[in-house]
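Turn these sequences into a full structure, and let the hints steer you where they fit.
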Amino acid sequence: MVYLTRKAEFSASHYYHNPDFTSEENQRIFGKCNNPNGHGHNYTLEVTVKGVVDPKSGFVVDLKQLKDVMSREVLDALDHRFLNKEVPEFLTMIPTTENLAITIWQRLAPKLNAAQLHRVRVYETPDLFVDFYGEG
Amino acid sequence: MKAHLTRRYMFSASHRLHSDEMSEEENRVTYGKCSNPYGHGHNYMLEVTVSGRVDHATGMVCNLVDLDGFVHQQIVERYDHQNLNLLAEFADDVPTTENLCIAIYDIVKRGFHTAHLEKVRIEETMLNSFEYCGEDSR
Numbered sequence: 001m002v003y004l005t006r007k008a009e010f011s012a013s014h015y016y017h018n019p020d021f022t023s024e025e026n027q028r029i030f031g032k033c034n035n036p037n038g039h040g041h042n043y044t045l046e047v048t049v050k051g052v053v054d055p056k057s058g059f060v061v062d063l064k065q066l067k068d069v070m071s072r073e074v075l076d077a078l079d080h081r082f083l084n085k086e087v088p089e090f091l092t093m094i095p096t097t098e099n100l101a102i103t104i105w106q107r108l109a110p111k112l113n114a115a116q117l118h119r120v121r122v123y124e125t126p127d128l129f130v131d132f133y134g135e136g
Numbered sequence: 001m002k003a004h005l006t007r008r009y010m011f012s013a014s015h016r017l018h019s020d021e022m023s024e025e026e027n028r029v030t031y032g033k034c035s036n037p038y039g040h041g042h043n044y045m046l047e048v049t050v051s052g053r054v055d056h057a058t059g060m061v062c063n064l065v066d067l068d069g070f071v072h073q074q075i076v077e078r079y080d081h082q083n084l085n086l087l088a089e090f091a092d093d094v095p096t097t098e099n100l101c102i103a104i105y106d107i108v109k110r111g112f113h114t115a116h117l118e119k120v121r122i123e124e125t126m127l128n129s130f131e132y133c134g135e136d137s138r
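Sequence lines, in order, name chains A and B. In terms of the numbering used here, the first sequence is residues 1 to 136. In terms of the numbering used here, the second sequence is residues 1 to 138.
Honestly, the hints are just simulated from the structure, not real lab data. All clues given are correct.
Chain A residues, not near chain B, derived (Cβ > 12 Å throughout):
id, residue
1, H39
2, V69
3, D76
4, L112
With a straight-line cut-off of 20 Å between C-alpha atoms, the simulated SDA-like cross-links for lysine to any residue are:
id, chain 1, residue 1, chain 2, residue 2
5, B, K119, A, E135
6, B, K2, A, E89
7, A, K32, B, D66
8, B, K2, A, L117
9, B, K2, A, Q106
10, B, K119, A, Y123
11, A, K32, B, L64
12, A, K85, B, H56
13, B, K119, A, G134
14, B, K2, A, Q116
15, B, K119, A, L128
16, A, K67, A, Q106
17, A, K32, B, T58
18, A, K32, B, N63
19, B, K2, A, R119
20, B, K119, A, D127
21, B, K2, A, A109
22, B, K2, A, W105
23, B, K119, A, P126
24, B, K119, A, R119
25, B, K2, A, R107
No experiment lies behind these values; they were computed from the predicted model shown. Here a beta-carbon is modelled for each residue, glycine too, at the ideal position from N, C-alpha and C.
In structure tokens:
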């Protein structure tokens with residue numbers, strides 16, 4: 001089994017707000033992230049797939065196919081977007097880094113047929129990242 | 001859904017690698033420059049990884065304010081700009097980065113209960129890093 005990781009970057013804005021909370025609760029729990037006009041990050045995405053090395057090609061996965069799926073399913077949808085307003089999943093779900101990692105996994109997993117998705121890592125800043133391994 | 005969240009912190013400290021159980025010659029052979037009697041320092045980069053179910057109401061594994069507050073108060077305040085050899089946890093143990101990983105893991109494990117502690121990782125320099133995941137790996 002060999003693991004292959006492909007990186008990508010996207011920039012997006014978001015804010016944290018739960019309509020079930022009062023204004024005070026939103027402010028207390030989410031702090032500055034609750035600013036309704038949003039704020040942005042340069043996100044770094046790492047997608048790790050695993051598989052057996054194909055004896056003919058020497059590949060775990062066709063990197064071009066992986067790049068294409070990442071571009072189409074993730075980057076086109078998220079890059080330079082206001083996540084809360086423009087990405088369907090986040091119309092009803094708070095776009096935390098945790099939920100971003102889960103959403104990216106759910107977008108990629110059904111589209112990757114050649115290799116198995118192992119991990120989605122999303123860096124919100126160089127000092128904060130979330131890993132999702134598809135665990136329920 | 002279960003996710004892992006990792007946060008990075010920095011602190012700077014000095015240490016000397018020297019064991020009283022070894023002769024001067026053994027210390028020199030084992031620790032080399034790190035056994036210099038006056039000590040030396042590093043900018044340590046600490047990574048703390050916690051895991052848990054992503055809370056539906058907040059979208060979070062744990063509130064970063066809580067994790068940051070704990071680590072700043074209990075770890076960064078304790079170690080930043082200190083001589084590690086003078087701290088209680090290194091009275092009997094050599095302050096290698098292996099032992100520093102274990103000491104920090106134990107403090108977080110004992111005091112932070114908002115999420116499950118998965119791992120402590122420390123970069124002593126850009127070229128050396130150490131990880132500790134608890135008893136099972138000890």
